[in-house]
Amino acid sequence: MTSSTAPRAFPPDPAVAGPTRQGSGPGGRGPRGGSTTPTPTPTARTGETGRIRRQLPSSPWLFVAPGLLVVGTFSLYPFLTTLYHSFTSKQALRPGSYVGLANYRELLHDDMFWIALRNSTLYMVGVVPALVLLPLLLALLVERQLPGMTFFRSAFYTPVVASVVVVGLIWVWMLDDRGLINSLLETVGIGKIGFLSDQWLLLLSAMAVTVWKGLGYYMVIYLAALANVPRELHEAAAVDGAGAIRRFVTVTVPAVRTTMVLVGALSSVFAFKVFSEVYLIAGPGGGPAGEDTTLVMLIQRVGGGLTGRVGYASAISVVVFVVTVALMLLVLRFDRKEDA
Amino acid sequence: MRISRRAVAAATVLATVLPLSACGGGSDSDSSDASGDIKGKITFQTWNLQANFKDYFNGVIKDFEKEHPGTTVKWVDRPAEGYSESLSADAAGGTLPDVVNIAPDLVAPLAKAGLALDLDKDTTAASYRKEYLDGAWKSHQIPGLEGTYGFPWYLNTGPMFYNKRLLKDAGLDPENPPKTYDELFDQGLKIAEQTGGKVATLGQVPTIEDFGRYGAELMNKEGDAFTFNDAKGVAMLARYKELFDKKALDPQVLTATPETTGTKFLTEAIAMNPGNAHDLETFKKDAPSLYKNIGITDQITSTGKVNMYVMGVMVNSKTKEKPAAVAFAHYVTDPTRQMSFAKKVAIFPSTAGSLEDPYFNKEDGTDETRVRIAAAKSLKKAVNYTPVLFSEQMKTELRNNVAKALQGKQSPQAALDQAVEACNKLLKQS
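Same order as they appear, the protein sequences are chains A and B. The UniProt record's numbering applies: residue 1 is where the first sequence begins, and numbers increase by one. The UniProt record's numbering applies: residue 1 is where the second sequence begins, and numbers increase by one.
One should not assume that every hint holds.
[As the list claims (entries may be wrong)] Cut-off 25 Å, straight-line C-alpha distance, at most; resulting in silico cross-link-like pairs (SDA-like, lysine to any residue):
1) K409/B to L122/A
2) K241/B to P284/A
3) K428/B to L201/A
4) K247/B to S183/A
5) K241/B to I193/A
6) K409/B to L180/A
7) K425/B to S97/A
8) K241/B to L201/A
9) K273/A to S97/A
10) K247/B to L180/A
Since the hints were made in silico from the structure, they are not lab data. Since the structure is predicted, the reported quantities are computational estimates derived from the model, not experimental observations.
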């Protein structure tokens, strides 16, 4: 929406138009009035609106000030500092000096950066479709009012509230060479699979943990969206002979499309910034030879500790920021296009 | 003022995705003397000791406060995980505690940033030097810097535990475990062969200390370049590759941590694992079947010298209560306190003459004492193989390149060359 459309959409209210119509100052009379009869009500309103008008420019800012303070202190200031540091050779305990684009140039030639970028991108591509679709299917299953359904809703939501560290450790135990899953596979004659030793299986395992942990969270979002889908639409489609799959495609999906976009946007940002799951599954080293390192893991590794290269880690952080913003804008643009 | 939806969306995006943070910097050290009235409030930080030694440290603090009226010691303990990160944040934020439990490789960057007190320059602190073993005092000296930056605290050297049953099942003599790396490699290959690769001998890839114990020269004499890609280093990595290929190393060795390897040893999935006397309690409690078959031998070494881990206590050079901080750092690490701490846990004092105590020499028939006596004996010719300047980032470089060699993506020589090159680059940047 552009600002030029605003006056048409919200024409000035005469009651609050103030001096231009009603005259200026408290108790003022309209310039065209000429009547000597007191008109207390409009006068009082004018006085009141005058005060309101004077308060208008500043009061919204007072309301948002606490939020601005928090965002400025904990997001904007660190962001600007990081941006600045990305152009310096700063280390954890040393100020460093301005080095221009040297950190960014070094990134271009850093194999580990490209590995991390590849892994973060793969993670997003692998996780997002599953997190958009599976929770929707789960929500469709548990939205029915059947006896005991509350238990299933709670059960599916449990991983969301569990600590990611606990979840990661449980999965490591299950995926271990001698863990539950490999024991089962061996029992049925398939043999052991190196979930925790192969670089690609490690990444897939971490993705599975992210999806498993995120299912319940997005399921709740979808449940809220599904509650707003008019039942009549389903009934009408059923009367027209549409089966369950057709009703899902033609009624449910369009009705929750906005929610799907939201889930897609949120999950893609979180997936691109993944740290904990890969750290726990692939180990602090990021898998064999660091081949499963993601961008945020790389930031932590390069910039962490007493000898961390804060300037270089900041440059990677800026790249993560740019990519994430681009992702969000892409999703918003996609959403607008669909709205049009 | 109207704000467009786009602006709101952009602001939301910014608030959502800003993942970034910043740190401050250090400054030069203050070398004024620590003589003067011992009083004031100081903070003492330990490294993951509160869980098991709360009463001990509370007692030490209480005794110190009693001996020095007017002093208050606030004790904080940080978890082992992320200790250097927390130190980094404290140092950058100007909130580094007055007295800090530290290791030589962690004190190096703090000393370079002027945040660690040079004990040699401080008359009071330097006067305590004679109480410590000379080698231990020197362990907190940094190549390229003059001075000593921490009081030596406890020393540790762990034995190698092995599973007698697994060795016996593989046709080896359980009473004659490997002592050198070559023996270890030969026996490891035999175990893998006899068990069809089902039992691995080791669960960890070689670390910088392994290269040292194998005989590789870790750094040049000037201390300004790493050299572990020499013939010895390459030879050792080539043997490790052979072990990996023949499944004598655990299949998950490339992603293992000491904790996961410890668990595998408990479950008898691997035959040998380094540890300390404290582990015996764990075996007894958590893995009785392993405990029945546990064998204890010296650390594997081809140089005749085992690795010694050194812990120290640093004084923050910016402390406002320098006399109290120096006095407390010395108090915690003095011969009396070190000896009493050593009797509570399987560590060894770094103070002169303490290792002559009967506690470290007299057998009483228990396994714990046997381990303690063996370790104390080996400490006399032990070496701290961890180079003081070997940072966390360098450890990562070494581990990643070792993994490439084991996977066959690079030859051992190329992998070590690359690791050395990366470490030297980081060394120059530090």
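So, going through the hints one by one against the coordinates:
no.: 1; hint: K409/B to L122/A; result: holds, 22 Å
no.: 2; hint: K241/B to P284/A; result: holds, 22 Å
no.: 3; hint: K428/B to L201/A; result: violated, 37 Å
no.: 4; hint: K247/B to S183/A; result: holds, 19 Å
no.: 5; hint: K241/B to I193/A; result: holds, 21 Å
no.: 6; hint: K409/B to L180/A; result: violated, 31 Å
no.: 7; hint: K425/B to S97/A; result: holds, 18 Å
no.: 8; hint: K241/B to L201/A; result: holds, 22 Å
no.: 9; hint: K273/A to S97/A; result: violated, 28 Å
no.: 10; hint: K247/B to L180/A; result: holds, 22 Å
The structure is inconsistent with the numbered hints 3, 6 and 9, although it conforms to all the rest.
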